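Work from the hints to combine the two standalone chains into their complex.
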Amino acid sequence: MIGQTNINKKNIAVIFGGQSAEHDVSIITAHIPIIQSLLAVRQFDVWPIYIAKDGSWYCDKAMNELAYFKQNNFETLLAQQKKIRILFDNGLKIIWPGIISKTVQIDVAFPAMHGTFGEDGSLMGLLRMANIPFVGCDLFASAVAMDKVLTKQVVLAEGIPVVPYVWFTKNDWQKNKDIYLKKIDELKWPLFVKPVHLGSSIAISKVKQKTELENAIEVAFHYDDKILVEESVENLIEVTLPIIGNDELQLAAIERPLNKTDFFDFSDKYLSSGGKKNSGANSHYSEIPANIDKELAKKVEEFGKKTYYTLGCSGIARIDFLINAVDKKVYVNEINTLPGSLYHHNWRKVGVSGVELVTKLVALAEDNFIQRKNINYAFNSDILKKTGGQKNQN
Amino acid sequence: MKIIVQNLAINYKDEGDGSVALFLHGWQDNLHTFDSLIPFLFLKKRIIRLDLPGFGESDLPKENWDLDGYVRFIDGFVKKLDIQVDVLIGHSFGGRIIVKGVADKILKANKIILIGSAGIAKNRSIRNLILKVLAKIFGLIMHIPPLNFLREKMRKKVYNLVGSDYIGVGPLKETFLKIIKEDLSESAKKIIIPTLLIWGKNDKETPISDAEKFHRLIPKSELKIIDGAGHFVHKENPQKVAELINLFV
Chain A
1 MIGQTNINKK NIAVIFGGQS AEHDVSIITA HIPIIQSLLA VRQFDVWPIY IAKDGSWYCD
61 KAMNELAYFK QNNFETLLAQ QKKIRILFDN GLKIIWPGII SKTVQIDVAF PAMHGTFGED
121 GSLMGLLRMA NIPFVGCDLF ASAVAMDKVL TKQVVLAEGI PVVPYVWFTK NDWQKNKDIY
181 LKKIDELKWP LFVKPVHLGS SIAISKVKQK TELENAIEVA FHYDDKILVE ESVENLIEVT
241 LPIIGNDELQ LAAIERPLNK TDFFDFSDKY LSSGGKKNSG ANSHYSEIPA NIDKELAKKV
301 EEFGKKTYYT LGCSGIARID FLINAVDKKV YVNEINTLPG SLYHHNWRKV GVSGVELVTK
361 LVALAEDNFI QRKNINYAFN SDILKKTGGQ KNQN
Chain B
1 MKIIVQNLAI NYKDEGDGSV ALFLHGWQDN LHTFDSLIPF LFLKKRIIRL DLPGFGESDL
61 PKENWDLDGY VRFIDGFVKK LDIQVDVLIG HSFGGRIIVK GVADKILKAN KIILIGSAGI
121 AKNRSIRNLI LKVLAKIFGL IMHIPPLNFL REKMRKKVYN LVGSDYIGVG PLKETFLKII
181 KEDLSESAKK IIIPTLLIWG KNDKETPISD AEKFHRLIPK SELKIIDGAG HFVHKENPQK
241 VAELINLFV
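For the record, the sequence lines run as chains A and B. Note that our numbering gives residue 28 to position 28 of the first sequence, counting from 1, and the numbers run on in steps of one. Note that our numbering gives residue 142 to position 142 of the second sequence, counting from 1, and the numbers run on in steps of one.
Bound conformation, chain B alone (with noise of 0.2 Å):
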């Protein structure tokens, strides 16, 4: 189903009857990552996801974005849908949205679930330096003949290699570099809501060190880490995903 917000064409499921729980995904990813979670979910609610902006079925952003953009751009959604969101669930990205809206008032939940949320700068500051440094000599080298029909293979290496998400962000680029330099720890503090965090044990894009910070910013907040499972735990490990959220909410 589609509905025009912000002169965007946006993709959305709208399933069952209640109060509302709003699931916002991921960076990259679509509003199919929550599949197999949600039969396991057994509420009482109207379940409604959606593609943000330049993913999934949804029209790109018309011009670079920041997180407050997304920001404002959920609560048009949710003024559009004309609806009150009882519980805001987000994955990794999506879970970024929702503490910077929550805490500044533009978005409003009765209770919030962060699963693998993003939001908190890691401290890799000497680290990136070098590698800007790095990344600029090797750009030159890059362009020199015949070793610029190398580049985009050694680019792709080398991003990898450093473990960034960089790479295949195709027009997004600009948002995703303006999204990853917030750190949100000031936000968390000015959430008074009850949060529960869901962390998978192997977490490497947001480890559980972030989860553990999160935990203690957010005053009203309980952690429950998942053996066993990684980033996407929701989608490894559906089962007790669900189980959390249904005894929480």
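Isolated chain A (complex conformation) (with noise of 0.2 Å):
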């Protein structure tokens, strides 16, 4: 079964699932809200493209359905299924190959991807050169937001705060590790030890004693070459702020994760949905909106504000702040230009649905396809005519 096409809706392509160590999250981001939203509007024929952990494409829409992912035969039922080609040539197909073939003309694309090659730019990349409108944030803003130190090294050259670090890849650490831990020594502790493009709290540790900041940065080394070091805020409040909009921004609700632990790791912002099941995102140990004091919930908001015109967001994107709540101190720490469930729960505080959310980021990137059809990007050039061509031979 691969599923019937209706020639009255719009195509719409859910790409999802992927080479990430965010690979389970992306599946329940693509339903939960995703899939689930655009069946429920009825104006679109949804067709779930899945990247398996392999890297092979499929789709079916037997995929538009959570359950399928769960069940126990799933890497088996996987086997079975036939894998897709696409065709990027001037719009995006889906091919199912075979005596009988079947094309499918995608007319959107819902980039549902976390993580490396997909929120990192790849796949925005991809859909760029396929010439369609796609949700979310485009290539450039998605490759900076992906990588926590150039995000940091472009926001702080607007101005906006950021906590001090040090950064270093592998190769600077095997060569120079004197020189590193002297430059650590300065920072104020304790620290936290970061893989630089991972998307989820995977590999972060907090380091309280020198003993420990070693095999830190060994662990985040095996998931990233390149890996930051940085201060911990004191006093701190951990605020998120969800955002939509390309030029005129809709601001969420700041959001306050309320951690258990030392920090919001990645089962506490994934696993936990507070008894509620299917709400993705983490609802029980967050406070919506966050119990701060107006001065600080002003210049969240116009940090957040700032972040997302600086890297150029578009479509949805949420900026994590650090905020000490003596010195008043607000500081960017990362932005996430695809958030876990698009942080629907948030949205639904503020009046805003998961069916209102995904039409509305579907509304947002045939706006952003419209814009960027109107750039030129080719211009006539007699370069080639007065560039010498090979001497001739004879």
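Misleading hints may appear alongside valid ones.
To be verified - Interface residues of chain A toward chain B, partial, derived using beta-carbon atoms under 8 Å:
#1 A203
#2 S205
#3 N215
#4 E218
#5 V219
#6 H222
Because the hints were derived from the structure by calculation, they are not lab data. The structure presented is a predicted model; accordingly, all values stated were derived computationally and were not measured. Positions of the beta carbon are idealized from the N, C-alpha and C atoms, including for glycine.
Dropping the structure here:
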């Protein structure tokens, strides 16, 4: 079974899974709320494009159900599936090869891939080349946001405060360990050690003693080639602000994760659904809106909008902040260009339902596409004619 | 918390101070299996638990390991943390690792506790041979259309019927097959340190007969059987299991 086409509806491809540590989280985001809401609207023919952990691409409408991925014999079922071919030649086409092949032309793409190859801009690059509208941030914002160091460097250049840090590559560390240990020593402890490109909190360690530092660095390098060590903020209040929009921005509520542990780790973030089944991102351990004073909230909103604009985000993003409750300093921590489950639990609190959120994002993608189309990327040139070719050997 | 051991990212928990008690979980389980037990342990100990490679939040081994692979891994983990283990505590497959590792003098401890430990091979050779032949015939038949559509469903039913863990082992299939092959009766004889055996009376996976055999083979062992509990006795009656551990260590 592949699925029937419906000529009266727009074909929308939700792309998820992928070869990243956040493969499973991506499956959740794709279904809750994206596919769920797109199906509820009844305006779209939803084609779930699933990229398996081995990089194979599949599409079958049975994959519109989250339950498909939870079956015990999932691997066997997948092995029986026919892999699809994708054509990026001026439009995105899904092709099921075979004696009687089938082709579906996609009108809009909805990337739902977290982490490497998806949220890092790789997928957006492919979609740009296919020349179709796609939901969310473009290649450039995604690529910068995926690198925590680049993000800090870019926002800092615009006067947005970030926590002091040291960064280095595996090669730097192997060659000049002593130099970096010295630099790290100048930071105020305790410290956080983070892989630079990983979206989730996987492999982030809080280091309180020097004896723990090198192990934490080794763990971070297990996941990435570039890492950062940064100061932790004292009297910490962590908040996050989901934003949607292209030029005109709409803010959700400032949300405060109420951590049980030292920091909001992977399982807190995605697995503790607060007793509410299928609510995706953490809701029970969050305070929405965050109970912080007006002055701080104003700063968060101001830095949030400025960061979104500076990075050139479009569609949706979520900006994470660290606040020192005593000296009232607000730091931008990182930018997430595909918030887990779109942070729909937060949007719901400000009166935007999952369906409204998803349809709004599709509309923003189409607006963005029209704007992009009006930009002239090609111009006539006679450079080819003027360049001397290979000399005639005869 | 994570640590790199043999180039694998290993998830572990390190709580408390004192001499070290290292907990190893069973097959297809994780460190949280001991969650309900830990609060009842009144030990002045540093309690370390880990997700074994391939389980929980730890990386999958890069090749198919046998039991010795897991023993060497635990040795690597202990060395990486730079700890001296006082008590080794293992449930099911975790117990199997301990029996092999301690017998081979690779893992060192002053005392060991085996909870529903695996390691005694089931004397099922004729039964297994018949099942193997049947499985081959069944496999061939189920490839014929339209039966092939029902193959997976039937396979699952048959494996459940014969009580096999084989379904759902996923990428660890080969590892699983290598591990269950090994009978540890000879290894058990070599264990000369005080050993506490805790078993649930209704254990079906590693029945009481396994516990009795371990008890006969391990010279300094004592066997405690808990009524009304099965293979996951430490979860079913954590208070009683903790009481036995508290007394023993």
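Looking back at the hints listed earlier, which ones does the structure fail to meet? none
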